[in-house]
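What follows is the residue order along each chain.
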Amino acid sequence: MRMGKAWIVARKDFSEFRANKQIIATLAMMPILMTIFSVLIAVPLASLASQEPPPEPDLNLNLLVFYDHVDLKDTTLNNAWVNYSTVLNGIVNVSYINNSTLTNVIAYKSLLDNVTIANGILIGCVLRNSEYTQNTTVMVDTVVSGTTTGSSDLYKSLLDMMTHSFLLYVFFIMAVAMPTTIASYSFVGEKTNKTLEPLLSTPLTDGELLFGKYIAVFVPVMSLILVAFAIMTALIDLLTAPLLGYILIPDAVWLVGVFVLTPIICIVGIAMNVYISSKVNDVRTAQQYSALIVLPVLLVFVIGPVTGMGSITVGFMAIIAIAFLGVLAFLVWLNLRRFNREDILTSWK
Amino acid sequence: MSGLAIQARGLTRLFGNKAAVQEVSFDVAWGQVFALLGPNGAGKTTTMRMLCTLLRPTAGTAEVGGFDVATQPIKAREQLGLLPENPGLYESLSAERNLRFYGEIYGVPPSKLQGRIEEILKTLEIYDRRGDKIAKFSKGMRQKIAIARALVHEPRILFLDEPTASLDPEASKVVRDFILELKARGGTILLNTHNLYEAQRLSDRVGILNTRLVAFGSPHDLADRMWSRSTEVTLKTPDARFITAIEALGFVKGVKREDGRLIVSMDDPDNDNPRLAEALVRAGAEVVSMKEREHSLEDIYLKLIKGDEAK
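Chains Y and R are the protein sequences, given in the same order. When we follow this note's numbering, the leftmost residue of the first sequence carries the number 3, and every step to the right adds one. When we follow this note's numbering, the leftmost residue of the second sequence carries the number 14, and every step to the right adds one.
Be aware that a few hints might be false.
What the hints assert, rightly or not - Simulated coverage check for chain Y against chain R, where a stretch passes if three residues somewhere in it have a Cβ under 8 Å from a Cβ of chain R:
1) 16-26
2) 190-201
3) 205-213
Unchecked claim - Between beta-carbon pairs, the in silico distance windows are:
4) Y:Lys196 to R:Glu311: 45 to 51 Å
5) Y:Thr194 to R:Asp81: 45 to 51 Å
6) R:Arg69 to Y:Leu257: 45 to 51 Å
7) Y:Lys196 to R:Lys319: 32 to 38 Å
8) Y:Ala331 to R:Arg69: 39 to 45 Å
9) Y:Ala30 to R:Pro52: 50 to 56 Å
10) Y:Ala331 to R:Gly16: 29 to 35 Å
11) Y:Lys281 to R:Ser231: 43 to 49 Å
12) Y:Ala320 to R:Gly128: 49 to 55 Å
13) R:Glu311 to Y:Phe16: 48 to 54 Å
14) Y:Val296 to R:Pro52: 45 to 51 Å
15) R:Glu167 to Y:Ala331: 53 to 59 Å
16) Y:Lys196 to R:Gly16: 56 to 62 Å
Just so you know, the hints here were simulated from the structure itself, not pulled from any lab data. All residues carry an ideal CB built from backbone N, CA and C; glycine is no exception.
Can you build the whole structure from these sequences, using the hints too?
If you want it as structure tokens, here you go:
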């Protein structure tokens with residue numbers, strides 16, 4: 003394959019895109035909106051997460067009963083001091099629990115010190131140096147302090163989720179959705195404008211023409227995504243670093259996501275668009291079908307974390323990247339088989 | 014430069030079970046203008062597309078510029094420039110950008126390309142509008158740019174599919190004159206057209222296609238093959254006795270009256286016309302004009318196509 007010929011085709015397409023303000027506007031819209039949206043989400047969350055925890059309230063404990071090294075079950079404890087014990091299925095009310103384990107317990111206005119809680123609800127409590135499972139609901143008027151684990155800070159965990167999962171998904175979706183805008187013009191446009199016949203009579207090979215078209219879509223889409231990433235990162239860090247005291251993004255997950263997985267997803271999106279273009283005969287229909295391409299990509303990144311198969315980690319992305327490379331190889335093979343002069347002029351609808 | 018510019022042997026193309034082109038064979042020599050004529054659906058565009066390597070022949074072979082269209086398609090495409098039925102230009106790009114793109118694809122050296130673009134645009138009298146977008150151009154202007162595109166890499170063989178279809182008379186004339194100029198410079202051209210006047214004016218040889226090649230040759234040769242030679246005589250006062258007088262001449266093969274003129278069939282008008290004139294004058298006729306009868310391409314075409322359809 004003569005790369006120079008493919009590049010000539012790509013440059014011609016760039017010129018066409020540049021001359022079409024509608025394409026530029028449609029293409030730029032998504033990264034601009036996503037950058038604004040990301041900053042608007044990250045900055046308020048960082049602001050909330052950076053706030054000092056409220057002082058521990060005076061619970062006015064008036065301890066009347068004392069339990070030490072006992073196993074309590076189906077019990078309601080009022081004004082109790084529980085030490086080195088286990089409580090199963092009960093209510094703990096205005097009490098002091100120390101070095102114990104609570105399971106299926108609702109705790110109200112109590113001091114829990116060095117306690118392990120499973121499946122609990124904590125209302126107006128003070129939680130120190132403790133640990134709770136994900137199934138425990140920590141009401142916002144509960145104060146958490148010491149080395150408590152279990153996602154102790156609601157806003158920090160939200161900020162973490164937004165910046166390391168949700169916003170990264172947005173980049174993946176942009177990578178698969180943005181090619182639809184120009185790929186439809188690039189392929190179906192040649193067909194509807196009847197520019198294919200003279201183009202196909204030139205000494206270009208099918209592979210050079212196809213590769214040129216891939217470049218023509220890939221370069222502007224990835225450029226816009228990288229510019230959006232740079233602006234978003236700069237804005238988020240500029241606005242959140244003074245609040246948090248550290249740089250929020252990028253980290254390894256973001257770098258692998260943006261520089262490895264996003265380009266792969268983008269090429270898969272282009273290959274899917276090429277296939278759709280060979281099946282339809284107007285730009286609008288191509289774009290409508292292409293919009294459906296986003297769904298399987300969404301599904302991969304939503305089903306994964308929801309089913310516990312994996313959150314967005316470097317390992318998870320490596321698995322997805324390998325899977326997408328497999329899909330890409332199949333699509334490129336399919337398109338090369340379908341993309342030949344004979345089919346374009348006779349069987350392309 | 015040796016051999017033939019285009020050589021087709023038994024070229025056949027089926028779409029499903031339907032034959033678009035059947036066993037078409039012809040040659041085009043270098044420097045010749047060859048016109049393919051035929052009714053709609055006769056297979057003219059399919060033949061051109063096979064020669065331009067856009068469609069594979071179902072059977073038969075073809076060579077363009079000495080390269081087999083099936084086994085050496087890229088080499089064959091390097092030899093040709095194509096003007097398809099639809100100009101197929103990039104509307105949002107300027108005329109110059111359209112030409113530059115094609116020049117680059119064909120590998121015209123950058124140092125030469127700008128000069129080449131300027132030269133063609135000036136010849137076609139559209140240099141002043143080189144920076145305008147194609148979307149702003151009239152049909153005639155677009156056709157000129159499409160011709161310029163087909164020529165930007167100086168192809169050895171030019172394929173023109175209905176070059177003046179849908180153009181107004183003025184634009185058609187510009188395009189025809191340009192083709193004549195290319196012909197005068199020794200260009201090899203294959204022309205698909207419905208326009209018989211255009212074909213007669215521009216081409217050295219014609220092929221009449223109706224899925225099969227019904228006839229092939231120069232318009233003059235075709236007429237000779239289809240009709241005996243004859244002389245058209247206009248008399249001031251046509252009279253039956255003049256017919257009797259010339260029927261008595263040994264070289265006259267037949268006489269008939271047509272629109273007040275006498276049509277006299279003979280083998281060698283160049284030799285026998287003086288004797289014919291003499292006989293008429295001697296019989297008392299006043300001869301107004303006398304010329305060898307010529308058959309137009311339209312006569313040839315209609316006779317051949319009607320004859321083919323009657324089969």
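Item to check | Indices of hints not satisfied (ascending) | outcome: Violated: hints 4, 5, 8, 10, 15 and 16.
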